[in-house]
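Peer 1: Residue numbers (the working numbering), protein chains in the order written: chain A, 106 to 310; chain B, 190 to 348.
Calculated from the structure, these hints are not laboratory results. Think of the CB as a built atom: it goes at the ideal place given N, C-alpha and C, for glycine as much as any other residue. Honestly, I wouldn't trust all of these hints.
[To be verified] Only some residues are given here: those of chain A computed to face chain B with a beta carbon under 10 Å:
1. Ala200
2. Pro204
3. Ser295
4. Ala303
5. Leu306
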Amino acid sequence: MRPIINAALFAVFAFISASGLGAQPAAVPASLAYTVVAGVVVPDTEAAALALTRWAEEQGGYFVFRSLEAVSLRVPPPALPELREQLEGVSSQIASYNPAAKDIRRDLRNVEVGITSREEALEAILSFLESADIRGTLAFEREMTEILLEIERLEGRRRELLHRAAFARIDIALTGSVQQLPVHIPSSFSWINTLGLARFLREGR
Amino acid sequence: MMRVKHGVLAMILLGMILFTGCVTQRGVVSPPEGFAHYADRDLFTVVSPETVTMRVRTEENDPPQSLDFWRETVKRHLLSSGYLLLENGEGDFASETGTGARYEWISPAGDEDWVYLTAILVAGRKIVIVEAAGPYRWYMEHRAAMLDSLSTIRLVSQR
Chain A
106 MRPIINAALF AVFAFISASG LGAQPAAVPA SLAYTVVAGV VVPDTEAAAL ALTRWAEEQG
166 GYFVFRSLEA VSLRVPPPAL PELREQLEGV SSQIASYNPA AKDIRRDLRN VEVGITSREE
226 ALEAILSFLE SADIRGTLAF EREMTEILLE IERLEGRRRE LLHRAAFARI DIALTGSVQQ
286 LPVHIPSSFS WINTLGLARF LREGR
Chain B
190 MMRVKHGVLA MILLGMILFT GCVTQRGVVS PPEGFAHYAD RDLFTVVSPE TVTMRVRTEE
250 NDPPQSLDFW RETVKRHLLS SGYLLLENGE GDFASETGTG ARYEWISPAG DEDWVYLTAI
310 LVAGRKIVIV EAAGPYRWYM EHRAAMLDSL STIRLVSQR
């Protein structure tokens with residue numbers, strides 16, 4: 106029985122190592138995770154949202170969320186220099202534009218160290234299984250299950266970090282232009298009250 | 190004879206008073222590049238082919254205050270009225286008549302967003318006010334020329 110259990114556990118461990126979960130992904134410069142948070146004033150929020158999500162898809166990215174008030178995009182970092190131009194194209198005003206980049210190398214290194222140490226612990230446990238009695242085997246199995254779960258969690262974290270480096274996160278708030286002229290609020294100074302776009306347009310006719 | 194002399198003198202004095210009363214000062218600028226001057230308007234007016242319009246007028250500096258006072262008053266008034274300042278839409282300009290302040294505002298008009306310029310310059314007892322407005326796209330095309338023309342603000346006498 107014990108050899109069967111050992112073989113099963115070893116098979117699980119071998120699967121993790123070979124499935125790519127324990128292997129390095131394809132070469133991606135996993136150093137910076139980019140984000141942009143922007144706010145724009147647009148004449149038509151629906152058209153702007155559609156245009157921005159279309160642009161993201163054309164760049165090899167995708168949108169996570171789209172509504173009349175906001176869009177959340179993911180695009181490869183090389184597309185970021187074009188973003189401002191895209192926003193100028195769909196809006197009448199860029200109210201705010203806040204880019205940021207976070208170095209994720211340390212986080213990534215910590216995760217990888219965690220995975221490596223747990224894999225080593227798993228190997229050590231497997232080597233002990235040969236000589237363990239029933240009680241010991243059960244204890245080792247519980248330990249191995251916990252370690253496997255931790256490895257899975259860390260692998261998930263690594264995938265998340267690599268994805269953040271592979272796709273910049275862009276969150277854009279859309280504000281529709283208010284379709285009425287600003288309200289005239291009387292000033293104490295008479296000539297100040299002559300200022301305003303409505304009056305300027307009226308007097309120009 | 191004396192009565193006639195006094196009468197003539199009175200007429201001359203009345204004429205001078207009437208004459209000087211009819212001479213006013215109005216603000217003008219050199220038309221921005223690409224703008225045409227409307228000669229038949231009461232206020233100095235220039236217009237671009239896309240109907241971006243710039244007008245210059247004067248008001249009394251009453252109560253007499255400095256540029257800093259009026260600049261702050263204009264800004265607060267229009268901000269509280271709901272206007273949004275354009276990015277880099279606030280600044281000063283120098284002219285032969287003195288230093289002035291300018292603000293450029295975003296405001297909706299119909300289906301479009303317009304830019305509305307207010308520029309003021311204090312010249313003694315007068316305040317020269319330059320206003321301009323146009324749809325965002327056309328305003329921005331002519332923006333540099335219009336801001337350049339602010340440096341040519343001057344008061345001219347007219348009857």
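Peer 1: Now tell me, hint by hint, if it's right for this structure.
Peer 2: Structure-based check of all given hints:
no.: 1; hint: Ala200; in the structure: holds (8 Å)
no.: 2; hint: Pro204; in the structure: violated (16 Å)
no.: 3; hint: Ser295; in the structure: holds (8 Å)
no.: 4; hint: Ala303; in the structure: holds (8 Å)
no.: 5; hint: Leu306; in the structure: holds (7 Å)
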